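Colleague: Below are the chains, spelled out letter by letter.
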Amino acid sequence: GAVVSQHPSWVICKSGTSVKIECRSLDFQATTMFWYRQFPKQSLMLMATSNEGSKATYEQGVEKDKFLINHASLTLSTLTVTSAHPEDSSFYICSATKTSGKNTQYFGPGTRLTVL
Amino acid sequence: GENVEQHPSTLSVQEGDSAVIKCTYSDSASNYFPWYKQELGKGPQLIIDIRSNVGEKKDQRIAVTLNKTAKHFSLHITETQPEDSAVYFCAASIRGAQKLVFGQGTRLTINP
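First to last, the protein sequences are chains A and B.
Be aware that the first sequence starts at 1, since it is given in the numbering used here, and climbs by one per residue.
Be aware that the second sequence starts at 1, since it is given in the numbering used here, and climbs by one per residue.
None of these hints come from the bench; they were simulated from the model.
Treat the hints loosely; a few may be bogus.
Sample of chain A residues facing chain B (criterion: CB under 10 Å; computed from the structure) [claimed, not checked]:
hint, residue
1, Q6
2, F34
3, F91
4, F107
5, G110
Treat the numbers as computed from the prediction; the structure is a model and nothing was measured.
Just so you know, even glycine gets a beta-carbon here, dropped at the ideal spot from N, CA and C.
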């Protein structure tokens, strides 16, 4: 199997607060995890690539100081949205690739973030 | 960089008929092409993928074809069922890279 979980599944927060989203690979080790953002009726937009034990690589236009990524183990990566604002409201999805396998990405169920 | 174009953006077919979604890519170095199905409010689910060393792959009612010369690949769903209704995304990955570049998505509706 290749199961990826995310927590929480949805979160509502006030403007200016920070929110942490967890991404876990449940039955495999993942050297690399990816974080995407998806706005309604749009495609997935890659935000950053997270490698275990090293700094994340951010895509152009994504603020690394606003979207903090930590990949401290082979099964867990976290995304922290700092000082969230209403425009950060979106569907955040992580994916993971198996350490032992090819570059197939397995996706989590997503986290719906609403910033009031 | 790689660019993936997906058509059509919406597709409506009668239950039992076939559905075809097409994607083109720009970088000839791409060698991995997955297809994902995304239901409302959920994460994408891998349904089938193909690598550049084969031209076709089939899994029950789902098949994917790849034309490397023309740089396009297609998803074929036969005997469609209502539960096939979802948004489908194609993607491409360049050889040696881990990132996927996604198409814009196709909203497939199966009419009973």
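Colleague: Looking at the structure, which of the earlier hints fail to hold?
Modeller: none
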